[in-house]
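Student: So the sequence shown is numbered by full-length UniProt numbering: it starts at 1 and just counts up by one.
Quick caveat, the hints were computed from the structure, so don't treat them as lab data. Be a bit skeptical, because a hint or two may be false.
What the hints assert, rightly or not - Here are the simulated lysine-lysine pairs, DSS-like style, with alpha carbons at most 27 Å apart:
1. Lys148 / Lys91
2. Lys232 / Lys148
3. Lys210 / Lys87
4. Lys91 / Lys196
5. Lys148 / Lys71
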Amino acid sequence: MVMGPTHAMSGAAVGLAVADLLPLDWGGPTSTAETFTFAAVCAGAALLPDLDTSQSTVSRSFGPVSSVVAKGVDAVSLGFYTITKGKRDGKRRGGHRTLTHTALFAAGIGAGVSALVVQFGKPAIIATLFVCLGLALRGLAGELAKEKGWLAVSAVAAVLSALTWQSYPTEAGSTGLGVAVALGCATHCLGDAITKEGVPFLAPFLTLGKERWWEFRLPSFLSIRAGGPFEKVVLGPALTVAVGLMVIWAIDGAPQAIYDAFVPAPK
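Working from the sequences, and respecting the hints, build out all of it.
Tutor: The following block contains the structure:
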């Protein structure tokens, strides 16, 4: 699978890019703080699909709790695959890269988050922020988060979620958080689609040659090996630089200040 930091960084990049385009009716950010929150939630959600395996970054993010959840998601995913598989879909021993790696999951969990926020308000928003910001920390901080351990990550996520709430009211969170979560999950799938293994993003609705769980992937000469040299040396650093530039650009007044600094004023 694509490494956790790469997934998180790609989620942050997509979140920053979409934040400026998202309509206000859909929870589009109205301030720099909300833009960064949207991107952070998207970054954390970009790890969620790998909750179907105990070998992933997300399954270790919250210690025993996330480990147990990962085993449950694995079992549910395998069961869903077994029930819906086509005549030419093979048998599987685990549920990794099945249900949670589909458009159905991305849309469903995004809609679920939005519904919970509408129904329960502040508690649901803080819970969503806690989970997603914790995952974002685990993914973006990489080795540092691994070294400090899941208790430290959980504690920092709890503080950040409570503080972030102050600048992320219910009106913005009701749909915006759901969109960010769905977008993060879809971004994860896009990342896996460029690997040699591929991802069953359109399953189980679109059948191809009696296969419901066929995997969307790039031609072999364009695909990359997950965790390979290209991801570590090229893709990861490129995403990091892109996110850094996008963060600067997202700050209120920064684009104009940069323009004024480098473009001489007319005499």
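Student: Give a verdict on every hint.
Tutor: Status of the hints after comparison with the structure:
no., hint, verdict
1, Lys148 / Lys91, "39 Å, violated"
2, Lys232 / Lys148, "22 Å, holds"
3, Lys210 / Lys87, "6 Å, holds"
4, Lys91 / Lys196, "20 Å, holds"
5, Lys148 / Lys71, "24 Å, holds"
The structure does not agree with numbered hint 1 stated previously, though it agrees with all others.
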